[in-house]
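Enquirer: Sequence:
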Amino acid sequence: MSYCSVDDVIHEFHPTLNAQITKHYGENLNQNLIGHIEKAEAFVNASLARAYSVPLKKASSVVVSAECKIAAYFAGIAFTEKDEILKDKYEIAREILDNLVQADNPALVDD
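Residue numbers for the sequence shown follow the numbering used here, beginning at 1162 and rising by one.
For the record, the hints were derived by calculation from the structure and aren't laboratory data. Just so it is clear, CB atoms sit at the ideal spot from N, CA and C, and this is done for glycine as well. Check each hint, because a few of them may be wrong.
To be verified - For each label pair, taking beta carbons as the anchor points, the in silico distance ranges come out as:
| id | residue 1 | residue 2 | range |
| --- | --- | --- | --- |
| 1 | 1214 | 1246 | 30 to 40 angstroms |
| 2 | 1172 | 1196 | 17 to 27 angstroms |
| 3 | 1263 | 1187 | 41 to 51 angstroms |
| 4 | 1183 | 1265 | 39 to 49 angstroms |
The task is simple: from the sequences and hints, build the whole structure.
Expert: Shown next, in the form of structure tokens:
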């Protein structure tokens, strides 16, 4: 089960990008975003597996935030390769995951 929801990912988008993605995918938007969430979850789990048992039973808010940012990056990059905001969110999420692995503290990742 994914750590974040479709609505969580949508909240990561700038309103202009959200309008573009919604128009492009129409009624298939949720299904498309679910695919990106699944890819993001695999990325998160692969990153955290270096120090923790995954999948997590109940992901902390830090892990949820990281997965949302990564899923938004995966979904949005097809529409705007130059979107620095999405790229920054992706880089921040990667740093968060790396720091969680270095901390090696299960309480930080699994509530």
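Enquirer: Between residue 1172 and residue 1196, does the C-beta distance stay in 17 to 27 angstroms?
Expert: holds (18 angstroms)
Enquirer: Assuming the hint says 30 to 40 angstroms, is it satisfied by the Cβ distance from residue 1214 to residue 1246 or not?
Expert: Given a distance of about 33 angstroms, which is inside 30 to 40 angstroms, the answer is holds.
Enquirer: Lying within 39 to 49 angstroms: is that true of the beta-carbon distance residue 1183 to residue 1265?
Expert: For residue 1183 and residue 1265 the Cβ distance comes to about 40 angstroms; the hint holds.
Enquirer: When you take the CB atoms of residue 1263 and residue 1187, is the distance between them in 41 to 51 angstroms?
Expert: For residue 1263 and residue 1187 the Cβ distance comes to about 42 angstroms; the hint holds.
In this structure, every one of the numbered hints holds.
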